[in-house]
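Dock chain D against the given chain Y, drawing on the hints supplied.
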Amino acid sequence: MDSFDSLTESTFILKPSKRPNAKSSITENGGYAPLLQGKEPVECMELRRQLFEDTWPPLEKQLVEIEAQVNHIGVSEVCEFVQSSYKQAADCEKGRPAQPFAEIAAAVAFAGVNTGDHGKLFYTLQGQLKEQSHHVALLESQYCGSLTSLHKGILEQMFASFYSEHDDATKQNSFNGSKSVPYDLNLLRLWWEDAVARDTANASRKMVVILQDFEGFQPIVVDDFIRIVAGYCNVIPLVLVLGLATSYECIHQSLTKASISMLNIERFNLQRSKQCIDTAIHDLFVRGNNLLSFGAEAYKSLLDQFLLYNFSIAGFIKKLKYAAMDFFYAQPLSILAQMLSTEDGVLTVNERSIKLNPDHIELIRMQKSVQRFLEQKADKTGLDLRKALCSDEYFQNIVLLEMMRQLVAYRHGYNLGIAAVLEIQKYAPESLQKPIRTLHYYGLGQQFQDCTHWKTLLAVVRRMKTSEMEPLLKAICGLVDSSAGVNWKQLEDGENIPDMLHSAAQLLDNPDNIAKVTTPTSAEPSKRVRTRTDMEERPFLLFDSNTSDAQLQALERCCEAIETMLKLCLRSYHDVPLNEVFYYRHSFLLDATFSAQPRAAVQTALGRSHYYINCNCCSEAPQVPSGDVHDSDDEDHRVLPTMHDTSIAYRLHQECGRLINLYDWHSAFSSVIERDSSRVPPSQAEIQARFMRSVEEMRFLGFIKSTQRKTDHVVRLTWGM
Amino acid sequence: MSSLLAILSEQYPGREDQASQLLSLLGEPTDPTPPFIFVYGPSATGKTSVIRSLFTHYDQSGQRYAYINGVECFTPRLLFERVLNAWAGHVPSLDNKFANYTRCENTVEFVNNVHDLLHDKQGQTHYIIIDQAERLRDRGPMLLTMLLRLSELTNASICTVLVSNVVWDKFRPRHGGALEPTLVFFSNYTKQQILSIIEKDCPKDEPPKFFLTFVDAIYEVFHRNCVDLDELRHLVTMLYPKFVQPVYEKQANRSEFTRLFKLCQPYFSAASERLYLREISTSEWQKYSTEVTTETAPEDVTQSIYQMAESGDGLDLPYYTKFLLIAAFLASYNPSRLDAQYFSRGKTQAKRRAKAVAQDATGGKDRQQLLGPKSFNIERMLAIFYSIIVEPVDSSVDVQIQIASLVTLRLLTKTSAGDRLDGIKCKCNVSLETIRTIAHSVRFEIDRYLYNFA
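Chains as they are written, first to last, in our numbering: chain Y, 1 to 721; chain D, 722 to 1175.
Here chain Y stands alone, though its shape is the one from the complex (with noise of 0.2 Å):
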């Protein structure tokens, strides 16, 4: 490796010296490798590697599903729109004065700034529209600079369309076998001509250009494009549709005032990557039973690089089909998933088919939500701690079981508690109603009692009528009784929950029963705001004089009921066993994989190169120890001669300021090396020789730039780190 000792040449070549072998370590298994040490079964890694196979497939065609669900309304809208252009509107109103020339019937398709994921969308468009039988062709700016190319592409794909159904020797010979076809919109009127001439059905199939990205198109070209197809747009029916991802603005500015006249527009939006996300958290985090779930900090990174950053959902999957990959490949507990891989029961040890090691055991009793299950539970129901911890066997079937059901019925209890939620927003004003995603960042990163955003819902239902509350109340039972898989017993306190909102429900149909129920507390029923609290905590008591006191109790019932129950089911999932296991926390993997940080990574192996080359001559040298952490701080900025010749220029011209003398670069660099006493030192040819190199590939990172200022003086461009 001696002849690549620079470090900017970034690209190798390297040929294998021997043949490959037949099978390599990497290959092996499909690249699963035995965890915990090593130790772990082979049929555990095979069964790691099972479940990851049976797991991401069906996810994947889930979230493909939601993608083409959620495109379906703005796709089939244009469908519709190519469906009935061009026909003559019988006139609805009356005194309308003729067309005076005809326009281009041409659809704007608002498609969002994610570029990346347009690709699927307009090939779904395409495909829908050439159900309907239209002739489609779709153009990317790319393949079209020219007014050539942009109608040899279309006339490319028009051909396909129109004699796709004739037989081969038409196809060959219709060109006359000319290597250039003049391609021109004549020959597409011609081809439509005789379609309709062959069949008059065929008269109804319009034939549609799709410009993906308009963005991209040479303004000057869609300009004459429009200008030729005006010509045409009264013999033949062609319909064009932009495809725009930023405003409607552009078209404006791009176009000239002739040619837009001559398009008649209308506008679609097909930017749905929002609310394609939404439903994706939904039906995967929130409702699914999907194995893995993301933990508060992933989850942030998950969304915060789709929000901040680029709204793309092919990235949003990339990154979810990682952290699959991750947790099965990496994680020796992924196995416990096939404990959950059932509906919603939780598989007993006999039904597995595969038992935990000691490793495993030993492993999940490390965990800490695990150690406070065990303590909480022999606190509580005297659970026999001694045996949980010593018998493998009791603890493999008894406990992990029951943390097992835990999870479960916390899973259900939320996804109950975020539909509750819903329910809540409809009734509160807009400013107030959340996304999903948002809740769900809510319900994940922060305990009940500190989220403002719960504590603002809960005020809104206080501050609710009876004539509000009753829907609300109902849809709720409504929720919780739909889900009767939710296992209220194993969720702590949970047990009375649904009764208490029925028998609110029941008080506010009949809030006279209210006296029957409860004896009454307040010595002083007709004073209706007593404290300060009161005002601040039931503001409904002020502004609804008109109620009655049963009445007005009821709905503090409700209240409650309410309230406890979002306090149960909206809990962090920390206080869950477990939970280590099966929130992925990950984050700074899927950071580090997916936003590289190119100018931190030439840092880090400038500043700290023994990370990357692994050597002991640089590394040791650090480690040597040293009396308090002032010195060995100081170690890690030591110049050692062993380092890589950029690597000294670079940590020697940390230490300058703005404008570098090279002279006295120079000499730190030779004396640097010179002090290495191992080797014969060098002469100072040599020593100016690697000098210059490494100056050169400093400038060529970007580091320094000559100055015109002082000839013998280098200007540093980076600060910082």
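It is worth saying that the hints were derived from the structure and are not from the lab.
We put the CB at the ideal spot given by N, CA and C, even for glycine.
Heads up, a few of these hints could be off.
Using C-beta positions, here's what the derived DEER-type ranges look like [to be verified]:
no., chain 1, residue 1, chain 2, residue 2, range
1, D, LYS925, Y, HIS252, 34 to 40 Å
2, Y, PRO598, D, SER1137, 19 to 25 Å
3, D, GLN1090, Y, GLU560, 57 to 63 Å
4, Y, LYS120, D, GLN1090, 40 to 46 Å
When the alpha-carbon atoms are kept at most 30 Å apart in a straight line, the in silico BS3-like pairs for lysine-lysine are as follows [claimed, not checked]:
no., chain 1, residue 1, chain 2, residue 2
5, Y, LYS705, D, LYS1146
6, D, LYS1135, D, LYS1146
7, D, LYS1135, Y, LYS705
8, Y, LYS257, D, LYS921
9, Y, LYS318, D, LYS1043
10, D, LYS891, Y, LYS257
11, Y, LYS321, D, LYS1043
12, Y, LYS257, D, LYS1148
13, Y, LYS257, D, LYS1135
14, D, LYS921, Y, LYS87
15, D, LYS1043, Y, LYS274
16, Y, LYS120, D, LYS1135
17, Y, LYS257, D, LYS912
18, Y, LYS87, D, LYS1008
19, Y, LYS434, D, LYS1043
20, Y, LYS87, D, LYS925
21, D, LYS1043, Y, LYS120
22, Y, LYS257, D, LYS1008
23, D, LYS1095, Y, LYS705
24, Y, LYS710, D, LYS1146
25, Y, LYS434, Y, LYS321
26, D, LYS1043, Y, LYS300
27, D, LYS1095, Y, LYS257
28, Y, LYS274, Y, LYS318
29, D, LYS818, Y, LYS130
30, Y, LYS130, D, LYS1008
31, Y, LYS152, D, LYS1135
Just chain D now, with coordinates in the frame of chain Y:
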């Protein structure tokens, strides 16, 4: 000949002079004609329509003239083959495998083909009519000259008719090989002519006199800004239904012009500009106008028209991308020497800025706002980006990707050479209104950072 003139004058009021001039130039099929007729005049003065109609009537067989659109025939080959197709009466169809009359790629082939084709048709004049002929100027220096001298080159009787809205002086090739044309000028229509043309648009069941009054009013309102006949017709088509709507809804009768105009007022004021600029397209307008009745309050009408022009207009960008765009805008419009004042977090900031603004408040004429965006280094934009963003952001590859995607979306324009990776320069291609909306959506006070803006 005179019957043809009568037809044309009937069809195109106000174009009698031009039609008779053209007809006298053409004469009988075997008469000698000038080799080159140049028809010019402002847009929407009936050049194309008159010429097309004249030739369809003049040559019923359609084999002696070739009508070519200068925009459509974007290569010489397309032009040549179309001319030959037309003169030979050749129609590509499935039977001849959609092939043209012959393959003809360059001028030599074209001249030879024309020579062969017209050899036995001696005596009859053939015509090439090229509409939007100004486009031919960009297709090589010799093409135009060759077309003009075609009759000399081929020894046949050929007349080239160029139709354009550019004057001949802008056509004349530098090398001086072109013939001087016989000019036919299409002047702008007079008011009377415009009225009599639009009168033909009158719907069948409407009294023409009533319609004409409306057209007259439209003309009076708009003619100062818009002399284009097509635009006036468009406006009439769009606005007339609104004008008569009260009549059909029994709110007014046809004699109450003043009242009708008053009812139509909101449409005139609010819609005209947007209709004229096509911010509202024909079908959107029609769809909308059927929903509104006379009972709707004028304010609501105005409001909804504005809304219609803006619907779906929101530029929705990811959060950081918005900041990137704001940074680009600032880099484009602020002088770089003031960056330290605006973006450094030092103490002297407030004092110095006040001074700078006071100095330049008067020097308004050459401010950047009026000059348009300047190009800036990407590094400068990034520096501004990291300074205006509230929370710390890692300089990850995502930011770079966003810059690239802003360039593809044409929100930034790259001004340095495409293959240069070092020191990329860009311009911000976004209007002040747009950037204000974007800044507002991320709660960034952009006005505080803009230097010398009004």
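Do the hints match the structure? See the list:
1. LYS925/D with HIS252/Y: 34 to 40 Å: 36 Å Cβ-Cβ, so the 34 to 40 Å window holds.
2. PRO598/Y with SER1137/D: 19 to 25 Å: Given about 20 Å between the Cβ atoms, the range holds.
3. GLN1090/D with GLU560/Y: 57 to 63 Å: At roughly 60 Å between Cβ atoms, GLU560/Y and GLN1090/D fall inside 57 to 63 Å, so the hint holds.
4. LYS120/Y with GLN1090/D: 40 to 46 Å: Because 41 Å falls inside the window, the suggested range holds.
5. LYS705/Y with LYS1146/D: Holds, at about 18 Å.
6. LYS1135/D with LYS1146/D: holds, 6 Å
7. LYS1135/D with LYS705/Y: holds, 23 Å
8. LYS257/Y with LYS921/D: Holds, because 26 Å separates the two Cα atoms, which is no more than 30 Å.
9. LYS318/Y with LYS1043/D: holds, 24 Å
10. LYS891/D with LYS257/Y: holds, 23 Å
11. LYS321/Y with LYS1043/D: The given pair, whose Cα atoms are some 28 Å apart, holds under the 30 Å limit.
12. LYS257/Y with LYS1148/D: This hinted pair holds, its Cα atoms lying about 24 Å apart.
13. LYS257/Y with LYS1135/D: holds, 25 Å
14. LYS921/D with LYS87/Y: holds, 23 Å
15. LYS1043/D with LYS274/Y: Since the Cα atoms of LYS1043/D and LYS274/Y sit roughly 16 Å apart, the hinted pair holds (cutoff 30 Å).
16. LYS120/Y with LYS1135/D: Roughly 28 Å separates the two Cα atoms, so the pair holds.
17. LYS257/Y with LYS912/D: At roughly 24 Å apart (the allowed maximum being 30 Å), LYS912/D and LYS257/Y satisfy the hint.
18. LYS87/Y with LYS1008/D: Judged against 30 Å, a Cα distance of about 14 Å means the pair holds.
19. LYS434/Y with LYS1043/D: The given pair, whose Cα atoms are some 21 Å apart, holds under the 30 Å limit.
20. LYS87/Y with LYS925/D: holds, 20 Å
21. LYS1043/D with LYS120/Y: holds, 25 Å
22. LYS257/Y with LYS1008/D: holds, 23 Å
23. LYS1095/D with LYS705/Y: holds, 24 Å
24. LYS710/Y with LYS1146/D: holds, 26 Å
25. LYS434/Y with LYS321/Y: holds, 27 Å
26. LYS1043/D with LYS300/Y: holds, 20 Å
27. LYS1095/D with LYS257/Y: holds, 26 Å
28. LYS274/Y with LYS318/Y: Measuring from Cα to Cα gives roughly 17 Å; hence the hint holds.
29. LYS818/D with LYS130/Y: holds, 25 Å
30. LYS130/Y with LYS1008/D: Since the Cα atoms of LYS130/Y and LYS1008/D sit roughly 27 Å apart, the hinted pair holds (cutoff 30 Å).
31. LYS152/Y with LYS1135/D: holds, 28 Å
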